[in-house]
Amino acid sequence: LIDKMSRAVGGLKSCHLIQSSEAMDLLSLIRLAADFKMLPDPYRSLADRMFIEIQPGHVQLSAGKPVEPRDRDYLRAKLLRQKFTKTPMIKVDG
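If you use my numbering, the sequence shown corresponds to residues 14 to 107, in order.
What the hints contain is simulated information worked out from the structure, not anything from laboratory work.
Note that the coordinates shown come from a computational prediction; the quantities given were computed from them, not determined experimentally.
Cβ atoms here follow ideal geometry from the backbone N, Cα and C, with glycine treated the same way.
Hints may contain errors.
Said to hold, decoys possible - If you anchor each label on the Cβ, the simulated ranges turn out as follows:
hint	residue 1	residue 2	range
1	L30	L74	30 to 38 Å
2	P79	F49	34 to 42 Å
3	I15	E81	23 to 31 Å
4	L14	H71	36 to 44 Å
5	F49	L74	16 to 24 Å
6	L14	P79	35 to 43 Å
7	R83	D61	20 to 28 Å
As the list claims (entries may be wrong) - Straight-line C-alpha distance at most 25 Å; calculated PhoX-like pairs for lysine-lysine:
hint	residue 1	residue 2
8	K17	K78
9	K17	K91
10	K50	K26
11	K26	K91
12	K50	K99
13	K104	K17
14	K78	K96
15	K26	K104
Using the sequences and the accompanying hints, generate a full structural model.
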């Protein structure tokens, strides 16, 4: 589980194309890491906010025009990279 949470951090910090389903999976792991105090508390609320903002309709709304699925995946990835770029590594005691 720790490995999956660490990979989620890396994936969100470096993705260039990501579908909403994969993003939701990674955000769930970020939220879990914050719940386990392996990430600072603000990352839980960031993950919660991103659950909404990465949905296809929200991505298209923020683009201000109709957007093809691949372009949405690009815009979603760009948003996630911006929001998670300074995320620290998962904290593991011991």
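Take the C-alpha atoms of K17 and K78, compute the straight-line distance between them, and say whether it is at most 25 Å.
35 Å, violated
Could you tell me whether the CB distance from R83 to D61 stays inside 20 to 28 Å?
Since the Cβ atoms of R83 and D61 sit about 27 Å apart, the hinted range of 20 to 28 Å holds.
Pair hint K78 and K96, alpha-carbon separation not exceeding 25 Å
With a Cα-Cα distance of about 22 Å, the restraint between K78 and K96 holds, given a limit of 25 Å.
Within 36 to 44 Å: is that where the Cβ-Cβ distance between L14 and H71 falls?
29 Å, violated
Holds or violated: 34 to 42 Å for the Cβ distance of P79 and F49?
Distance hint for P79, F49 holds at roughly 40 Å.
For the range 16 to 24 Å, tell me whether the beta carbons of F49 and L74 fit it or not.
Since F49 and L74 have Cβ atoms about 33 Å apart, the given range 16 to 24 Å is violated.
With the threshold set at 25 Å, check whether the alpha-carbon distance from K26 to K91 stays at or below it.
Measuring from Cα to Cα gives roughly 9 Å; hence the hint holds.
A range of 23 to 31 Å was offered for this pair. Does it hold for the Cβ distance of I15 and E81?
37 Å, violated
For the pair supplied as a hint, K17 and K91, is the alpha-carbon distance within the 25 Å limit?
Judged against 25 Å, a Cα distance of about 21 Å means the pair holds.
Regarding the pair K26 and K104, is the alpha-carbon distance no greater than 25 Å?
16 Å, holds
Compare the distance between the alpha carbons of K50 and K26 with 25 Å, and conclude whether the hinted pair is satisfied.
Satisfied, since the Cα-Cα distance of roughly 19 Å is no more than 25 Å.
30 to 38 Å was suggested as the range; check whether the CB atoms of L30 and L74 agree with it.
20 Å Cβ-Cβ, so the 30 to 38 Å window is violated.
Comparing the model with each earlier hint shows violations of hints 1, 3, 4, 5 and 8; every other hint is respected.
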